[in-house]
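Visitor: Single-letter residue listing:
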Amino acid sequence: MGADFVVLSLVPMAIAVLAAMACALPGNFLLLRRQAMMGDMMAHSVLPGLILAFLLTGQVAGWAMFAGAGAAALVSALMVEAIVRLGRVDPGAAMGMTFTTMFAAGVLLLELTGASGVHIDVEHALYGNLESLIWLDASGWASVIDPAALRGLPPELGQLALVVALLALLMRVFWRVLVMASFDAGHAAVMGLPVALISLGVVAATAMASVAAFTAVGSILTIAMLICPPAAARLLTNRLGVQVWLSLLLAALSAILGYVLAGYGPFWLGMSASVSAAGMIAVVSGVMLGLAALFGPHRKAG
Amino acid sequence: MTQAALAFDAISVRYGAVTAVDAVTAQIPSGAMTAIVGPNGAGKSTLLKAALGVVAPQSGQALFFGQALDAVREKVAYMPQRASVDWDFPIRVIDVVLMGMQRQLGLLRPVRAADRAFAMDCLARVAMTDFAKRQIGALSGGQQQRVFLARALAQRAALYLLDEPFAGVDAKTEAAIVTVLQALRDEGAAVVAVHHDLATVPEWFDRVLLLNRKLIAAGPVAETFTPDLLRQTYGGQLPPQKVA
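Protein chains in written order, with my numbering: chain Y, 1 to 302; chain G, 1 to 244.
Extracted from the complex, chain G is given alone in its bound form (with noise of 0.2 Å):
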């Protein structure tokens, strides 16, 4: 196997007495959209939090293209909850794209008009254009998911790492970011979404990682997707239905 995009090496954390992630190992190839899948409290956004060092893991360490976080942070965007953050904020669309930049703009350097352009083109890909100068308050939820997926593809990154950008979303959204996803992918990046509706898996991810606390099965979705899998992810929570 080629140099992985995310390995994660026997990944832990526990909140007080409770095991929410529990020695996860697994890696995540580049130029493949892989869905983190499990069910409520599997620990799926705290391995990725863990992985990011968002939270601090008890054990365990998370490579990024072989490499600790810190040298390679330009090649990592991370799409956290919307839920977290509050839409109340007094900002506007542009100015949360522009935050993906960071890393280019520093302290004070000045946002010059090409990196205007740039955030505008990288909200043009989630067709969200016209709502530039809106604050992000009076967005849809699903407007507001394609803001924060526009931040993150102003980092211009190699890994994107996505905690359930499809929840609560609409139709439109959800198209808009599955060819967003889908097109990185073919540029040869590597796609992680922690994702909770089993029957879109096989039709947008080429991988699943089945996760409930500890690790059930990763790998392609032919092999790995499969009835007898899911249950064990799942226990007695699968609706019968779900099951391929």
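Chain Y on its own, in the form it takes in the complex (with noise of 0.2 Å):
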């Protein structure tokens, strides 16, 4: 645990966990509310506007790229809505429709524009770019409190911890009219509550998270997380604000035995060379889910 740690662990190791923990928060909803594709949803669909932001400004990290995945985010959920309207198909089937599209979208405009030659490729899509973000300014621990060293960290840190803080916050205030318009909408419409507006703020709050962590560890582990610490946490327990946070609790532990695993596991099997973190990381989030699923107090109702 040394001054290489710092240097190459400490900070993907930290996103992950932010990561992580940004996609559990409205996990727990999408959960409830049974829009679990929602995730799957976000995840893929902030592709093309990531390309885009990136041959319009040139950077691969930053708020641009923030800008434009969100753009996407809001770009398919109106896509969803009108297919559902127009095409009178279900809402799960619009949503299907629509990430596949995106994503494909998304990677016709890597090829197309040469995007992919340079910084962003379809691997980074999936997996993200989690060991890559290491902290070259860092000399060790204290390299935590040297300012300078401090200023160095990659951005996608900082903007994860914004996202968590915010997210936390949110839910925090309108905890008890989430619940309401989660639990029984028609219920809640009738109390005055404005359900449809709470229903976006859920898909808005999916989409901000999503857009956060997929530039840092890819959409395979942003939709994992967005279910699997959730859906594991809802076999542990019937009450609604201890499964919240089991489902950080879990997602925080999924990153870091995923990340360890990824860089330690292979060699301990006597290979050679690590395995992609992020990949991992969505790993142990099914396996403990599974083990939930088998094992959880919780399984059934009552």
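The set of hints was computed from the structure by calculation and includes no laboratory data.
Residues from chain G that face chain Y, not an exhaustive set, calculated with beta carbons under 7 Å:
hint, residue
1, V54
2, R73
3, Y78
4, P80
5, I91
6, M99
7, Q135
If you want the ones that stay clear, here's a sample from chain G, every Cβ over 10 Å from chain Y, calculated:
hint, residue
8, D9
9, F118
10, A124
11, E187
12, K214
Glycine included, C-beta positions come from ideal geometry on N, C-alpha and C.
Fit chain to chain and form the complex, with the hints in mind.
Guide: Below is the structure:
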């Protein structure tokens, strides 16, 4: 746990933990509202937005990418709404059509524009670039309190920390109405709650988490973290408040465990190369969900 | 007639090409229990939902105590069909009842001991105090229905709109719900229930609204719950022994 760890592993691990927590927060409500497909949609649809933002600004990180991905998320949400209304299909199917189309459009954009040769490629879209988010300005644990070194942190870290804080704050403030509208939208509407706006808020929160997580950890981990930690937490408790805390804990745990296993696991098995951290984190969260499904105390109602 | 608790004013609802509710105009008075009766697909639930704005009416409007719903929301309690929610939701009985008090609680005000005590009173009225801390999925259908009624009671409303409160419940629940609703009526509230069991209409209800997409008739049970009007309401679907 020396200087090497701080330079090479500390920041990617912290980013993975924050990305996992950012996704797990809105994931709890996607799960309860039976909108899990929304996670798939957001995590795939942001790709063309990211590429367009890169083509326009020439930057691979930062707020431009964030804005591009946000715009793509918005466009895809509107597309789903339009397909549901005009095509008379159910929202799940509309999301399925939208996210595959958006992701495919993103891949085509990559190949046509040559952006893939520079910084982004399809592999990054799937797995992110967690391992490359290293902290070159750090020289050891002392750098954690060194302002000069802290300025050299990858911007994804600050973005994700901000998104986690914002989502947690919003969830705290709107907790009661979120629960009411998710449990019984008809009753909530008659009580005077703006249920359509609350639905939109859940979608917007999901989009925000997906966009923030996507550039760092890719689409696979984003989808996994939106659903696996909340789904596992649901099997461990019958209290919604406890479920949210547990989902954060499981998200952080899978991020740390997955990162370590990806880095050292192959060596323990006698192989020479490490494997994708994002992929391993997603696998760990899936295994946790599997264990919760087999042994969780609240697998059935009651 | 004094100010109606609820007045349907030419309400029509269309789903695509299907007219679910066709220009229904009727008045619901306070201090009475009114049953909305009609065959499956007659638009009974839809009429309630359209009045409450849960589904958008094609045309027409509903007035609550002479005003738009927005002006008098705290006086109107709505109990949806039990099947309309996910009972696997990770929440306790007491928390569902507290939802009925949302207008007092607002976004951030903590739930105080007095709020909790009032919610427990509401549970006591439907004989569910022992279940306050249970997860809602652990209850029987009848118990779930009583929790829904307790949530409506927590609103201290003057008009109660109940969508099939007696659907699929046990005898104990049936008796508990009737007792509570009659007490509300005796306190002067208006109680409206979508109801399926014709046999119990004369025993439990004061008034009846016969609906088959169009309004067939509305009025006191003695005048309106007649074989002729029921036959008009149900067409060929009515089992003959059910006609009074």
